[in-house]
Amino acid sequence: MLIYDIRFLFIYMFFVGNLIFVSKNKHLLVVLLSLEFIVLSIFFFFLVLLMFIDYDMYMLMVFLVFSVCEGSLGLSILVSMIRSHGNDYFQSFSML
Amino acid sequence: MLTNNNSNKMFFLFILFFSTLISISSNSWFGCWIGLEINLLSFIPLISNSKNLLSVETSLKYFLTQSLASINFLFMILIKFSLLKNFDMNNIISIMMNSSLLMKMGSAPFHFWFPNIVEGLSWMNNFMLMTWQKISPMILLSYYFNKNFLIFMIIMNLIIGSLGGLNQTSLRKLLAFSSINNLGWMIFSIMISENLWLFYFLIYSMMIFMMISLFFLMNMYFMNQLFINNMNFFIKLNLLINFLSLGGLPPFMGFMPKWIIINFLLINKFYFLTFIFMMTSLIIIYYYIRIIYSSFMFNYFKMKWVNLLMKNNMSLINLSSFISISSMILSTFIFM
Chain Z
1 MLIYDIRFLF IYMFFVGNLI FVSKNKHLLV VLLSLEFIVL SIFFFFLVLL
51 MFIDYDMYML MVFLVFSVCE GSLGLSILVS MIRSHGNDYF QSFSML
Chain V
1001 MLTNNNSNKM FFLFILFFST LISISSNSWF GCWIGLEINL LSFIPLISNS
1051 KNLLSVETSL KYFLTQSLAS INFLFMILIK FSLLKNFDMN NIISIMMNSS
1101 LLMKMGSAPF HFWFPNIVEG LSWMNNFMLM TWQKISPMIL LSYYFNKNFL
1151 IFMIIMNLII GSLGGLNQTS LRKLLAFSSI NNLGWMIFSI MISENLWLFY
1201 FLIYSMMIFM MISLFFLMNM YFMNQLFINN MNFFIKLNLL INFLSLGGLP
1251 PFMGFMPKWI IINFLLINKF YFLTFIFMMT SLIIIYYYIR IIYSSFMFNY
1301 FKMKWVNLLM KNNMSLINLS SFISISSMIL STFIFM
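If you read the protein sequences in the order shown, they are chains Z and V.
Using the working numbering, read the first sequence as starting at 1 and increasing by one per residue.
Using the working numbering, read the second sequence as starting at 1001 and increasing by one per residue.
It is worth saying that the hints were derived from the structure and are not from the lab.
You may find that some hints are simply not true.
Said to hold, decoys possible - Below, simulated DSSO-like cross-link-like pairs (lysine-lysine); rule was C-alpha separation at most 30 Å, straight line:
id : chain 1 : residue 1 : chain 2 : residue 2
1  : V       : LYS1173   : Z       : LYS24
2  : Z       : LYS26     : V       : LYS1147
3  : V       : LYS1147   : V       : LYS1269
Bear in mind the structure is a predicted one, so any value in this text is a computation, not a measurement.
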C-alpha cells in the first residue's frame, strides 16, 4: 500500500482504536484501553499538526490534561463496577 | 460520604452549568471540545451517586458513549483543521462532526443508549439529561452543519421517536422517546435560526419540567402507577393538560413552537418534511391519549372512605396547569 501522507497513519490508528472500542470484548478494561489508544493517535496527530506552528505545543498539553482526566474517570467507573458486580465482564449487565 | 451529598451535587452542578457556557462561547473548536469534556466529567458524579447496581451500569453506559463521541469529535476537528475546511459545509467532514454531536445528544441513528440510561436515572437526573445536556451539542451543531445530512437525521429522529414509544410501559422510557422526537423538531429549528431554537427549547424544557416534577412528587415511574392511584382531580387534570401540551395540541403551550416551525416549513415549500412532522406527531399524541384516557376516564379510581391524595404544594400544580392552558392567549398580549 502506497502511503502518500502521514494523515493516513492517523486515520488508520484512529479507525483501529474505534474498531476495538465497538467490538464485543469480554472485559471492560479492553474498551478503556482502546479509548486510550484513540487518545494516543490524536496526540500524535496534534503533535504533527502543531509542529508547523513553530513549536507552540500548549494546546497539546491542554488536550493531554483533559484526556487523562477522562481516562481516570473511566477507570473510576471501572472500579465502581468491580465493587458492585465483582468483575468487569460485560455479561454481568442485566439491569438495563 | 452520605452527609455532604448536597454540597457535592451543588459543586458538580455548578461545573456542569459552567461547562456548557465554556462550550458555546469559545473562540475555537478546541474550546468547544474542552467544554464537552468538562460536561462529561461533571455529569458522571451526579448520576453515579447511589450504591446500587443500576446506577453503576447507567454511569458506565453514559461514559462509554459520550467519551467515544467527544473523542471522535476532536479527531474530526483536527482533520478539519489540517485540511483547512473552515467554511465549506457540505462535505464528509461536517457529516462526521455532526454525527459525533448527534451521538452526544442521543439523536436518532445513535439513540440506543438513551432509553437505557433514562431508565436507570432518577427523575431529577433525567431532567438534567433531557434538557441541559442537549444545549451544548445543539449549539455546536449550528456552527457547522451539513443540511442534507441533518434533514435525513431529522426524519429518522421523528420516526424513531414516535414508533419507539408505542410499546413502552415505563414512564421514563416514554419521555425518552418523546425527547428523541422533540430533538427532531429542535434540530430543524436550529437550522432555521438560533432564536427559534431557543424559543422551542425553553418551552420544551418548561413542559418537561412540569411533567417530571409531577411524576417526581407522585413518585411514579411506571404506567400502571397512573391507573391505580387515588389521585386528586386537579392532579389528574394537570397530567392531562401536560401530556396534551407535550404532544402539541392547539390550545396548550406546546403547540406554539411547533406552529411556528410548521409555518416556516409550509412557506418554504418543504411539503414532504411537513407530512413527516405531522404524521409522527399524531403517533405521539396517540400514545399520550391512550395513557390519559385510561387514567382519566376508564380507570378513574375514587375511594369512598379514605381521603384524596392531597399534596401540600397544590399551588404549583395549579399554576403549571394555568400556564399550560393560557400561555398561547397571554402571548398575544406581549407586543414587541
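*LYS1147(V) and LYS1269(V): Cα distance at most 30 Å?*
holds (16 Å)
*Is the Cα-Cα distance between LYS26(Z) and LYS1147(V) 30 Å or less?*
The given pair, whose Cα atoms are some 40 Å apart, is violated under the 30 Å limit.
_For LYS1173(V) and LYS24(Z), compute the direct alpha-carbon distance and say whether it is at most 30 Å._
holds (26 Å)
Violation of the numbered hints given earlier is confined to hint 2; every other hint is satisfied by the structure.
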